[in-house]
Amino acid sequence: MKALCLTALALGLCQCGSEGFFDVISPAAPGSVLASCGASTAGPVSAIEVGASTALPLDDAGAFAPLADGDTVRVEVGFQGSPMLVLALRVAGGNGQTCVQQRTDVVDEAGGRVSYNALAQRFTPMADGTAVTPPIFLPGEYASGFVTVRVVLGGVTLSRRLRVVR
Numbered sequence: 089m090k091a092l093c094l095t096a097l098a099l100g101l102c103q104c105g106s107e108g109f110f111d112v113i114s115p116a117a118p119g120s121v122l123a124s125c126g127a128s129t130a131g132p133v134s135a136i137e138v139g140a141s142t143a144l145p146l147d148d149a150g151a152f153a154p155l156a157d158g159d160t161v162r163v164e165v166g167f168q169g170s171p172m173l174v175l176a177l178r179v180a181g182g183n184g185q186t187c188v189q190q191r192t193d194v195v196d197e198a199g200g201r202v203s204y205n206a207l208a209q210r211f212t213p214m215a216d217g218t219a220v221t222p223p224i225f226l227p228g229e230y231a232s233g234f235v236t237v238r239v240v241l242g243g244v245t246l247s248r249r250l251r252v253v254r
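Quick note, the numbering used here runs 88 ahead of the 1-based positions in the sequence shown.
Just so you know, these hints were derived from the structure itself, not from any lab.
Built from N, CA and C at the ideal position, the CB exists for glycine as well.
Hints are not guaranteed to be accurate.
Listed next, with one range per pair, are the computed distances between beta-carbon atoms [said to hold, decoys possible]:
| id | residue 1 | residue 2 | range |
| --- | --- | --- | --- |
| 1 | SER170 | ALA215 | 33 to 41 Å |
| 2 | LEU246 | ARG162 | 15 to 23 Å |
| 3 | THR160 | GLY243 | 27 to 35 Å |
| 4 | GLY169 | VAL244 | 28 to 36 Å |
| 5 | ASP216 | GLY169 | 35 to 43 Å |
| 6 | GLN168 | ALA135 | 17 to 25 Å |
| 7 | ALA153 | THR236 | 14 to 22 Å |
| 8 | ALA198 | THR245 | 28 to 36 Å |
Can you build the whole structure from these sequences, using the hints too?
What follows is the structure in structure tokens.
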């Protein structure tokens with residue numbers, strides 16, 4: 089009986105590719121999301137970049153490797169065994185520590201969604217006037233090939249076509 093209950097629980101939680109799973113890990117309700125960030129108001133965002141996140145520990149912003157169209161990004165395996173892209177965003181603009189609603193979508197060559205993240209991100213500006221997010225985790229079933237990463241943040245939109253390797 090115990091095994092049956094555990095199997096049912098595992099099947100219920102193992103919806104990694106389903107719409108419901110993404111809604112659970114990336115709620116899109118701006119009020120509740122921003123509240124979870126301890127948000128202050130954001131100043132205007134003048135530019136955004138997407139990059140590979142190499143920050144350690146995982147909740148720190150820091151090391152950032154910008155990604156241009158055609159660059160390669162490696163699929164990482166999370167501590168729970170999920171394949172994912174680990175990205176970060178760098179922004180110019182904003183004033184003081186801010187929490188900004190963002191949406192990052194990853195779509196495959198056919199236009200099908202592989203993953204998304206709609207959690208508000210906290211930015212702490214650095215001396216050069218830019219700010220980098222902590223790592224953004226984008227779990228999904230990634231095949232080797234190209235994906236498009238689309239970011240919408242602070243009224244600015246950015247797309248990058250990236251080559252994924254496993």
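**Request:** Take a look at whether the Cβ-Cβ distance between ASP216 and GLY169 falls inside 35 to 43 Å.
**Result:** Holds, since ASP216 and GLY169 (Cβ atoms, about 38 Å apart) stay within the stated range.
**Asked** Regarding GLY169 and VAL244, is the given constraint of 28 to 36 Å on their beta-carbon distance met?
**Response** For GLY169 and VAL244 the Cβ distance comes to about 34 Å; the hint holds.
**Prompt:** Honestly, do ALA198 and THR245 meet the 28 to 36 Å range at C-beta?
**Reply:** violated, 21 Å
**Message:** Can you tell me whether the CB distance of THR160 to GLY243 sits inside 27 to 35 Å?
**Reply:** At 29 Å between Cβs, range holds.
**Assessment of proposed distance window 33 to 41 Å (beta carbons of SER170, ALA215)** = Given about 36 Å between the Cβ atoms, the range holds.
**Item:** Outcome for the supplied range 15 to 23 Å, where the beta carbon pair is LEU246 and ARG162
**Value:** Because 20 Å falls inside the window, the suggested range holds.
**Message:** If I claimed the Cβ atoms of ALA153 and THR236 lie 14 to 22 Å apart, would that claim hold in this structure?
**Reply:** Check passed, 19 Å falls within 14 to 22 Å.
**Item:** Range agreement (Cβ of ALA135 with Cβ of GLN168, hint 17 to 25 Å)
**Value:** violated, 34 Å
Checked against the numbered hints listed earlier, the structure breaks hints 6, 8; every other hint is satisfied.
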